[in-house]
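Engineer: The chain contents come next:
4 protein chains.
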Amino acid sequence: MRIGILTSGGDCPGLNAVIRGAVLKGIQINGQEFVGFRDGWRGVVEDDLVPLGRKDIQGISKQGGTILGTSRTNPFEGEKGGVDNIAAMMERRGIDAIVAIGGEGTLAAAKRLTDAGLKIVGVPKTVDNDLGATDYTFGFDTAVQIAVDAMDRLRTTGESHSRCMVAEVMGRHVGWIALHSGMAAGAHAILIPEQATSIEQLAEWVKSAYDRGRAPLVVVAEGFVPDHENDAHSERGLDAFGRPRLGGIGERLAPMIEEATGIETRATTLGHIQRGGTPSAYDRVLATRLGMAASDSVNEGRWGRMVALRGTDIVHVSFEEALGSLKVVPQERYDEAAILFG
Amino acid sequence: MRIGILTSGGDCPGLNAVIRGAVLKGIQINGQEFVGFRDGWRGVVEDDLVPLGRKDIQGISKQGGTILGTSRTNPFEGEKGGVDNIAAMMERRGIDAIVAIGGEGTLAAAKRLTDAGLKIVGVPKTVDNDLGATDYTFGFDTAVQIAVDAMDRLRTTGESHSRCMVAEVMGRHVGWIALHSGMAAGAHAILIPEQATSIEQLAEWVKSAYDRGRAPLVVVAEGFVPDHENDAHSERGLDAFGRPRLGGIGERLAPMIEEATGIETRATTLGHIQRGGTPSAYDRVLATRLGMAASDSVNEGRWGRMVALRGTDIVHVSFEEALGSLKVVPQERYDEAAILFG
Amino acid sequence: MRIGILTSGGDCPGLNAVIRGAVLKGIQINGQEFVGFRDGWRGVVEDDLVPLGRKDIQGISKQGGTILGTSRTNPFEGEKGGVDNIAAMMERRGIDAIVAIGGEGTLAAAKRLTDAGLKIVGVPKTVDNDLGATDYTFGFDTAVQIAVDAMDRLRTTGESHSRCMVAEVMGRHVGWIALHSGMAAGAHAILIPEQATSIEQLAEWVKSAYDRGRAPLVVVAEGFVPDHENDAHSERGLDAFGRPRLGGIGERLAPMIEEATGIETRATTLGHIQRGGTPSAYDRVLATRLGMAASDSVNEGRWGRMVALRGTDIVHVSFEEALGSLKVVPQERYDEAAILFG
Amino acid sequence: MRIGILTSGGDCPGLNAVIRGAVLKGIQINGQEFVGFRDGWRGVVEDDLVPLGRKDIQGISKQGGTILGTSRTNPFEGEKGGVDNIAAMMERRGIDAIVAIGGEGTLAAAKRLTDAGLKIVGVPKTVDNDLGATDYTFGFDTAVQIAVDAMDRLRTTGESHSRCMVAEVMGRHVGWIALHSGMAAGAHAILIPEQATSIEQLAEWVKSAYDRGRAPLVVVAEGFVPDHENDAHSERGLDAFGRPRLGGIGERLAPMIEEATGIETRATTLGHIQRGGTPSAYDRVLATRLGMAASDSVNEGRWGRMVALRGTDIVHVSFEEALGSLKVVPQERYDEAAILFG
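Protein chains in written order, with the numbering used here: chain A, 411 to 752; chain B, 411 to 752; chain C, 411 to 752; chain D, 411 to 752.
Heads up, some of the hints might be wrong.
Here are the computed distance ranges between Cβ atoms for each label pair [claimed, not checked]: (1) B:F486 with C:K465: 31 to 41 Å; (2) C:L736 with D:I439: 24 to 34 Å; (3) A:M666 with B:A518: 49 to 59 Å; (4) D:G721 with C:G488: 35 to 45 Å; (5) C:I749 with A:E489: 43 to 53 Å; (6) B:E610 with A:V493: 49 to 59 Å; (7) D:G542 with C:V725: 14 to 24 Å; (8) C:D506 with A:E674: 32 to 42 Å.
Within a straight-line C-alpha distance of at most 20 Å, the following computed PhoX-like cross-link-like pairs (lysine-lysine) qualify [unchecked claim]: (9) A:K465 with B:K617; (10) D:K490 with D:K521; (11) A:K465 with D:K465; (12) C:K465 with B:K465; (13) B:K465 with A:K617; (14) C:K521 with C:K737; (15) C:K617 with D:K465; (16) A:K490 with A:K521; (17) B:K490 with B:K521; (18) D:K617 with C:K465; (19) A:K521 with A:K737; (20) D:K521 with D:K737; (21) B:K737 with B:K521; (22) C:K521 with C:K490.
Simulated from the structure, these hints should not be mistaken for lab results. Glycine residues also receive a C-beta, built at the ideal position from the N, C-alpha and C atoms.
Let the sequences and hints guide you as you build the complete structure.
Structural biologist: Dropping the structure here:
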């Protein structure tokens with residue numbers, strides 16, 4: 411069988427380990443051969459392929475990013491997109507099946523293509539860990555570790571200056587990275603999109619930590635929205651003066667905390683360093699196992715299904731199940747973490 | 411309720427996070443107070459206690475080792491040991507229950523004491539991840555990460571000299587650390603106690619990697635025993651000349667590989683660096699959650715039970731279940747990893 | 411002799427190693443005893459002291475920040491400040507001499523106090539490495555290493571998305587951190603305050619790297635000012651619309667690069683993580699040696715002098731010499747680095 | 411001009427940065443072109459060359475090891491070795507000059523070849539930092555940092571078990587790595603080849619640290635020889651029973667310390683991890699600058715000279731000067747470090 415692999419959406423530590431796992435298992439056990447689509451769906455619709463042999467994947471599992479490149483191209487848009495064109499390209503290229511490594515959008519597209527008769531299996535990819543039907547997604551552990559390393563550094567500078575330090579981490583829609591990195595770093599407050607925390611509550615946490623002689627550490631997910639920004643202006647991304655709001659939530663929170671507590675506060679936005687570079691050992695193992703399982707999925711003709719982690723096992727779940735809903739931080743997990751604040 | 415906490419056996423990254431989690435949850439939610447026994451069961455039988463208040467646990471979750479100290483003391487030995495003495499000490503000190511953080515031996519002792527009527531809950535601790543009834547134990551992830559960082563370094567020196575590099579990791583009875591670190595580092599051979607690999611097979615793996623232009627990386631668990639050492643001499647820890655065998659399995663394997671393949675081979679024994687220092691973010695989160703759950707176990711009177719990880723949940727299992735059997739590497743997990751060798 | 415130590419200004423990795431080095435050398439060799447002033451000059455003018463014995467400095471050299479705390483208090487301001495008050499406090503407290511660890515401002519203050527007859531020796535502290543009369547200052551190596559680790563991560567995400575990545579590092583007045591981290595990370599452009607680089611030149615570097623198939627990496631010091639911001643508006647910190655300019659230079663450069671090159675560009679501001687956390691081995695050794703030398707300076711009565719690094723030797727230089735001028739990046743060092751851009 | 415580059419002897423972090431620096435400077439400024447000899451002098455005598463263009467050196471400065479490979483081949487041995495054969499090969503290949511990156515042996519060979527009329531410039535390479543005429547050699551900083559990271563881990567396990575931990579680091583003939591890593595890690599004893607420390611003195615240091623409530627950390631260079639091994643047996647590498655001595659000095663010291671102090675002692679040999687993997691930022695900058703300077707040396711016809719670091723400058727020194735003598739740890743530097751033991 412001839413398989414095309416693609417990596418789509420934002421890059422994520424572990425993508426190369428998935429590719430390596432799939433190719434090694436496929437070549438040596440499942441009698442498969444592989445090609446790579448360049449830059450995700452762009453390579454599919456533009457027929458941009460690279461060979462993917464054993465040599466090409468040597469030693470890549472510790473490399474960050476993706477050797478295939480990635481993009482946010484929508485496979486149904488443009489004159490070269492759509493089911494028929496993709497089917498024709500696969501026919502022309504002699505590609506029997508596609509292994510699509512990507513997030514919500516990619517899996518949704520994969521579902522549409524599968525429903526239309528194409529042979530596709532999925533590998534879930536989201537550094538935010540916000541996908542249901544899998545305990546964890548690769549890349550998440552690395553992102554959390556990078557954030558915690560940074561927070562360990564922020565604490566010593568905070569303590570030396572008796573400052574409150576705010577660390578903004580990834581998480582547009584869910585707070586998993588903030589929750590885990592905050593718990594690991596001993597944060598005195600964790601703000602996530604799932605929880606509408608008031609500035610008053612935040613100020614109370616910060617003050618009580620400060621009064622205990624600690625340099626308060628506040629961890630905030632980029633997608634957190636403070637009450638008072640929940641208004642027409644904010645929805646349009648405008649500030650109080652009606653001008654485009656600049657800076658992330660971390661930078662906007664710092665002055666609010668300073669005003670509400672009188673404690674000097676500084677913000678740091680970790681940004682892209684959370685998703686690049688060498689994956690953690692945990693992510694390399696998980697990603698490698700998922701890649702190998704994806705090769706098996708093709709071998710067994712499990713079209714329309716993605717591989718996932720359940721406990722210590724790799725399982726297969728339907729795209730429907732996977733796409734069912736965003737995996738948010740449950741109330742009990744947040745409450746559990748909140749006990750450590752006070 | 412007044413609770414005594416102890417950490418017993420070999421140290422393990424995350425012990426302090428367990429202590430912090432238990433104390434914070436206990437003080438703030440469960441109305442408990444805490445004391446610490448110094449050096450595990452030694453502190454119990456010798457009545458050596460330290461106060462364990464909120465101040466004492468500030469910022470310790472990122473510290474390696476254990477602030478309480480540890481030892482391999484057996485609580486049933488010595489004139490001050492045994493159920494009655496321990497019960498009397500608890501009575502005298504007004505200690506209602508004990509949270510015992512330790513491995514197989516500690517949990518077995520805890521079981522005997524519980525069966526005798528004492529109030530004890532357990533927290534599993536084994537850097538080797540060899541305990542049943544829990545998906546993972548804290549400390550394991552850190553050990554694997556440290557091993558992988560070292561292997562990433564060994565590879566570049568191996569490649570520069572076209573050498574085979576042997577890395578000996580922890581794992582006296584099971585190969586979990588070797589399996590995960592080897593998978594993550596892209597090892598060309600992984601040797602674990604559960605698998606009787608012949609030197610011929612090993613040489614074949616090494617040669618085939620070498621012939622593909624790679625610098626072979628061999629990961630071996632300290633407990634692996636090569637066929638030819640499975641004899642009377644070896645059982646008594648003697649070498650072929652009947653003299654005490656010196657050096658670990660890694661150092662003993664290197665010359666065997668060199669002789670069998672003609673490829674220059676060097677061994678490195680990672681040793682104690684695998685179990686010390688700052689825990690990984692994964693271990694800090696897991697250990698903190700286990701500690702909090704232990705405080706709840708006491709609150710709910712779950713005597714004779716230990717906390718454990720199942721998927722993403724913290725559950726409670728009986729000591730019986732936990733002590734049932736050593737969690738070895740299953741054949742399918744080894745076969746999965748072996749696909750990556752060739 | 412009784413010595414008071416203070417750490418002043420922004421925190422810097424290695425401060426604790428200086429303190430430890432001075433106290434150990436002083437207690438064991440020079441027959442000195444020590445106290446610490448809390449929060450730099452604030453502790454001096456407010457008579458806020460802590461004992462500084464052998465126990466207090468155990469194991470602190472690997473801790474980031476400063477155990478004494480720091481502030482930006484000016485010792486000549488306020489009713490409790492000034493030479494006479496400080497002299498009186500020293501008299502009252504039986505303090506014979508002060509070891510002042512700080513930057514330009516602190517050393518200038520120390521000079522004034524020394525000129526007025528107080529016994530003070532200095533230890534240079536600037537993470538920016540912008541102080542003359544010393545080859546390097548402690549903290550600089552750590553900051554550069556942290557920046558490089560972050561850039562290594564940014565590169566893989568840039569390469570996966572074919573993006574230009576901009577990394578903003580510390581350096582308000584000089585570009586040493588940008589120069590060294592950029593050279594180490596293989597940057598395609600380095601922008602520093604000492605060099606008036608045009609957006610056209612920057613765009614050319616970025617495009618040529620992109621055309622060679624690289625994901626361009628731009629390293630910019632926070633103090634770099636683009637030509638077109640060199641106007642009345644900018645001097646007042648206003649943007650083109652006359653409103654307060656928000657965001658650092660990195661964030662402001664990204665859209666300029668994108669517009670000038672058509673290449674998608676993302677910025678990351680490393681911020682406070684560069685100055686916190688465990689010092690590098692290099693900085694621990696340098697800071698420890700400087701601290702020990704400071705104890706000797708007091709012993710030898712070298713008032714009005716600071717310790718410094720020359721080659722591999724620790725030397726003593728007068729405050730005058732040290733304060734002579736800001737150590738900027740020489741043209742030849744920038745040209746040397748620029749060869750690596752193209 | 412056409413230049414051949416070679417890397418010889420043990421690998422060392424930074425070798426690739428030297429290669430990259432030389433090639434980039436040479437191609438862009440000095441109008442040079444490059445080829446690489448594979449595996450050091452072996453490639454020279456066996457005429458084994460690889461092209462070394464701009465593409466070949468992209469992104470290699472953060473890679474450990476050497477992309478050219480290395481060996482311990484002596485260029486004067488074998489029928490294909492010697493001045494005439496090498497001169498003929500250079501003639502045949504159109505190679506005008508050689509940049510030899512290596513240690514004492516390589517530079518000595520380079521000197522002989524230069525004396526015989528060949529055009530060679532050198533770049534000093536020794537992870538042990540034992541070469542005179544340069545303040546530091548690249549690779550040393552990385553090795554020290556790796557050792558210190560490991561020691562930071564060993565300390566927490568030592569403290570948890572109240573054990574003495576012995577860390578064996580590189581340094582066959584000199585103790586620079588032991589001295590710097592020991593100072594940075596806060597070692598209670600440092601044993602180096604330059605200093606004949608008695609077991610009694612060592613035991614005293616260990617006990618005094620233990621009595622102060624510390625877990626003693628002993629750092630020993632692999633080349634240190636205890637008094638009682640200074641006998642005929644030892645010189646022949648035999649143990650007291652006349653059998654081949656197995657294990658490094660660290661493993662041999664542990665039982666001696668345990669016997670002399672009664673303190674449980676464990677040894678760890680860091681071994682090859684000290685010389686592999688990503689170079690530190692310091693070493694990347696130093697190595698890059700040395701490589702660029704080597705290209706200039708060729709351009710300026712500085713045959714028989716090597717590039718070196720003096721303070722913050724790159725200078726040129728003759729092979730004679732460089733080969734003059736082994737750079738040992740001076741007594742005052744050891745005494746300085748010893749103050750921190752007690």
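Engineer: Does each hint fit the structure? Answer for all of them.
Structural biologist: Quick rundown of the hints versus the structure:
1. B:F486 with C:K465: 31 to 41 Å: holds (37 Å)
2. C:L736 with D:I439: 24 to 34 Å: Given a distance of about 29 Å, which is inside 24 to 34 Å, the answer is holds.
3. A:M666 with B:A518: 49 to 59 Å: Given range 49 to 59 Å: holds, Cβ gap about 54 Å.
4. D:G721 with C:G488: 35 to 45 Å: holds (41 Å)
5. C:I749 with A:E489: 43 to 53 Å: Hint holds: Cβ distance 46 Å, inside 43 to 53 Å.
6. B:E610 with A:V493: 49 to 59 Å: holds (53 Å)
7. D:G542 with C:V725: 14 to 24 Å: holds (21 Å)
8. C:D506 with A:E674: 32 to 42 Å: With a Cβ separation near 34 Å, D506 of chain C and E674 of chain A satisfy 32 to 42 Å, so the hint holds.
9. A:K465 with B:K617: holds (17 Å)
10. D:K490 with D:K521: Holds: K490 of chain D and K521 of chain D sit about 19 Å apart, inside 20 Å.
11. A:K465 with D:K465: With a Cα-Cα distance of about 19 Å, the restraint between K465 of chain A and K465 of chain D holds, given a limit of 20 Å.
12. C:K465 with B:K465: holds (19 Å)
13. B:K465 with A:K617: holds (17 Å)
14. C:K521 with C:K737: Judged against 20 Å, a Cα distance of about 19 Å means the pair holds.
15. C:K617 with D:K465: holds (17 Å)
16. A:K490 with A:K521: holds (19 Å)
17. B:K490 with B:K521: holds (19 Å)
18. D:K617 with C:K465: Roughly 17 Å between the alpha carbons, so the hint for K617 of chain D and K465 of chain C holds.
19. A:K521 with A:K737: With Cα atoms ~19 Å apart, K521 of chain A and K737 of chain A stay inside 20 Å; holds.
20. D:K521 with D:K737: holds (19 Å)
21. B:K737 with B:K521: holds (19 Å)
22. C:K521 with C:K490: holds (19 Å)
In this structure, none of the earlier numbered hints is contradicted; all agree with it.
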